[in-house]
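The listed protein sequences derive, respectively, from chains F and R.
Quick note on the working numbering: the first sequence kicks off at 1 and runs consecutively.
Quick note on the working numbering: the second sequence kicks off at 1 and runs consecutively.
Simulated from the structure, these hints should not be mistaken for laboratory data.
Since this is a predicted model, take the numbers as computed values, not measurements.
Using 27 Å as the maximum straight-line C-alpha spacing, the simulated DSS-like pairs for lysine-lysine come out as follows:
1) R:K47 with F:K78
2) F:K395 with R:K47
3) F:K300 with F:K328
4) R:K77 with F:K85
5) R:K77 with F:K78
6) R:K112 with F:K395
7) F:K395 with R:K77
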Amino acid sequence: MSMTIAEKILAHASGLPAVKPGDVVEPRVDLAMSHENAALVINQFLEVYRDTGLQPKVWDASKVAIIFDHRVPAESAKTAGNQKKVRDFVAKYAISKFHDIRGDVGGICHQILPESGYVRPGAVVVGTDSHTTSHGALGAFAFGIGATEMASVWALGTAVNVEVPATIKVVVSGAFPPYVGPKDLILHLIGRISAQGANFKVLEFHGETISAMPTSGRLVLCNMSVEAGATAGIVPADDETARYLREEAGMAGEWERIVPDRDAQYAQVITIDVTSLEPQIACPHTVDNVKPVGGVEGTKVDQVVIGSCTNGRLDDLAIAASLIRGRKVAHGTRMLVFPASGKIYRQALERGYVADFMSAGAVVMNPGCGPCLGVHEGALGDGETALSTTNRNFKGRMGNPNAQVYLCSPAVAAASAVTGMITDPRKGAK
Amino acid sequence: MPTVVLTLGDDVSTDVIYPGRYMATVLPTETPQYAFADMAEFNARLKSGGVAGGSIVAAGRNFGCGSSREQAVSTLKGHDLTIVAWSFARIFLQNAVNLGLTIITAPGFVAKEGDEVELFPEGVRNRTTGTSYPIVPLPPARRAIIEAGGLIAYTRARVLAAGGKLR
Numbered sequence: 001m002s003m004t005i006a007e008k009i010l011a012h013a014s015g016l017p018a019v020k021p022g023d024v025v026e027p028r029v030d031l032a033m034s035h036e037n038a039a040l041v042i043n044q045f046l047e048v049y050r051d052t053g054l055q056p057k058v059w060d061a062s063k064v065a066i067i068f069d070h071r072v073p074a075e076s077a078k079t080a081g082n083q084k085k086v087r088d089f090v091a092k093y094a095i096s097k098f099h100d101i102r103g104d105v106g107g108i109c110h111q112i113l114p115e116s117g118y119v120r121p122g123a124v125v126v127g128t129d130s131h132t133t134s135h136g137a138l139g140a141f142a143f144g145i146g147a148t149e150m151a152s153v154w155a156l157g158t159a160v161n162v163e164v165p166a167t168i169k170v171v172v173s174g175a176f177p178p179y180v181g182p183k184d185l186i187l188h189l190i191g192r193i194s195a196q197g198a199n200f201k202v203l204e205f206h207g208e209t210i211s212a213m214p215t216s217g218r219l220v221l222c223n224m225s226v227e228a229g230a231t232a233g234i235v236p237a238d239d240e241t242a243r244y245l246r247e248e249a250g251m252a253g254e255w256e257r258i259v260p261d262r263d264a265q266y267a268q269v270i271t272i273d274v275t276s277l278e279p280q281i282a283c284p285h286t287v288d289n290v291k292p293v294g295g296v297e298g299t300k301v302d303q304v305v306i307g308s309c310t311n312g313r314l315d316d317l318a319i320a321a322s323l324i325r326g327r328k329v330a331h332g333t334r335m336l337v338f339p340a341s342g343k344i345y346r347q348a349l350e351r352g353y354v355a356d357f358m359s360a361g362a363v364v365m366n367p368g369c370g371p372c373l374g375v376h377e378g379a380l381g382d383g384e385t386a387l388s389t390t391n392r393n394f395k396g397r398m399g400n401p402n403a404q405v406y407l408c409s410p411a412v413a414a415a416s417a418v419t420g421m422i423t424d425p426r427k428g429a430k
Numbered sequence: 001m002p003t004v005v006l007t008l009g010d011d012v013s014t015d016v017i018y019p020g021r022y023m024a025t026v027l028p029t030e031t032p033q034y035a036f037a038d039m040a041e042f043n044a045r046l047k048s049g050g051v052a053g054g055s056i057v058a059a060g061r062n063f064g065c066g067s068s069r070e071q072a073v074s075t076l077k078g079h080d081l082t083i084v085a086w087s088f089a090r091i092f093l094q095n096a097v098n099l100g101l102t103i104i105t106a107p108g109f110v111a112k113e114g115d116e117v118e119l120f121p122e123g124v125r126n127r128t129t130g131t132s133y134p135i136v137p138l139p140p141a142r143r144a145i146i147e148a149g150g151l152i153a154y155t156r157a158r159v160l161a162a163g164g165k166l167r
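Here chain F stands alone, though its shape is the one from the complex:
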C-alpha cells in the first residue's frame, strides 16, 4: 500500500506493514518531551499507580526530555516550587535529557531538542506543548499532547489510541525575494487555509523552495503548522537534514530517509510560488487573519519582540541585527530580543549581534518563552500594540486581553522597531 511520510512512520512504530487515515494505532514513542508542565505530568503519572501496589516506573528514562523554558528564571514562588518538584523527580528517575535554567545547555525546548541531537528522522516525538510539531522539520512525526496523555506515555512507552491523520501535501516553488522567508510562507499558508484548515491532518512540505531551505527555516514551517490546526508538520529528511544533524546537532548514528510513496494518497495538494510573496502579517486576534505588510503599514507599535521557538534562531537574529545595526529603536517603542537557546545567544554574542541590538536600544533577554504567552516578562499595557516574531496573537496572549499582537518575520520586526510602526523591510532597508 502506498503511504505518506506520517503513515510510514506510524506504521513502523506500531509494528504494522501499513496504515491508512482513520486507523487507530499505538505507536512506540522515541522521545517524550515536557517543560515546566512536567509538574502536572508527574502528578498524573503517580496517580496512574495509586493503589495498584506497583512501584511507579518510567518506561525508558533515556527517552524522556524535560526542558525548563516557559518561566525562566522562575517569576514566582509557585513556579519555583514546580521547578523544584520536577528537579527532584528528574534526579529520582534518572532523566538524563534534562535542561535546567543554564547559559550553556538551556533554552527553549523546540530549539534544545533539535540542537542537542535528540530528534532523529523517522522518530515518533510527543511533547506536552502544541508546538512540538516543530520537530517534523527533521523528518520526525512529532505532535503535541496533554499532560495526562504524557503520564500515560511515561508509563506505557506508547501513545495510546492514535488515529492516523490524513495528509495535506504542500508544494512550494520559487526563490524568496529579499527580506521574505519561511515565516512569511507559513503565515501566507495559514491565512489561505485558515486556523482549522489542517485540523486533524498532517502538513507535508515539498518542493524546490523547501529543498533549498535550511533546517532553521523548516523548523519555522513545522512549528506553526499547528496554527492551521495540523497534528504535525513534516519535511522529508534530506541532505540538508544530514548536514544539520552532523554539523549543528552533533548526532552520530544511522537513520533512514523516509520519503512518501509516489502514489501516496493526499487529502489535498496545495501549491505555493514564493517568487513574488510579500512580507506577511497576522493581525489580531487570530493567526489566520493574515495580510501583506502593505495592509497594515504605519500601525504604531509599542513593543517589538524578536525570538521564541518560532524565530529565535541565529539566522533570525542575523537578519534582524543587519537591519538595526547602527540605528536606534524608535522613541516610544520597546524592543525585546530573546534568543532561542544559550548556544544561539553565545553565537549571537560572538558575531556581534547582541552588541548591535543593545547599542540600538533593544533589551536582550535570556532564552525562554517569556513574553510570547504572557507568563513571564514583557507583558503589554491596556491598549498597547506588539509586533512579534512569535507564533500566536490570541486575545490576551501577551498577558493582556486589552492589548493587540501582530505576528511577523524578524526582518519586519527589526525594520519596524526603527520606525516605531509596522514597516516593510524592503523599504526600511534602503
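Use these hints to put chain R onto chain F, whose structure you have.
Relative to chain F, chain R alone:
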C-alpha cells in the same frame, strides 16, 4: 434541563479559556477559579456558584485551538460545564476525552444564552428554538477511554494487566 450559559464564536483559543499567565497553577482543584478569566463577568458568575452543573457553553468551529495546556480542560470540568461546538481542535478534544469533560460536536448548533437544550446520544435539540442537530460521535478508540473512566484509569488498567511487567 441544561441551559446555555455562554455563547462564543469560532476559534476560541486556550488563552481565552485559561490565560497563559495562570499556567503555573496546575491542580484541577485550583484551575477552575481562572476559567475564562479575561471575561470578568462570566468568570465571576462561575465563581459565585451561579452556574448550574451541566450548563452548556455553545461555540462554533475549532473550539480549544492553540496550546496543549490541560488546564483549559480541567478548569471547565471543575465547573461541570458541557461544551457544544461545531468542531474542536485536536489536542483540546483529546484532553477532554482523557479527563472526562463532556464535549459534543454538533455542526450548525445555534443557541443564545438562556436557551434550554436536550442532549440525546445521537443529537442535541435546542428546545427553545425547536431545532435539532445531529452530532458527530467520537471515534470508537476515544470512546474506549471514556468508558474506562478516563485516561488515568485506562492506563492503570493496562499497567495492572501487565502486572507491572511492561518493561
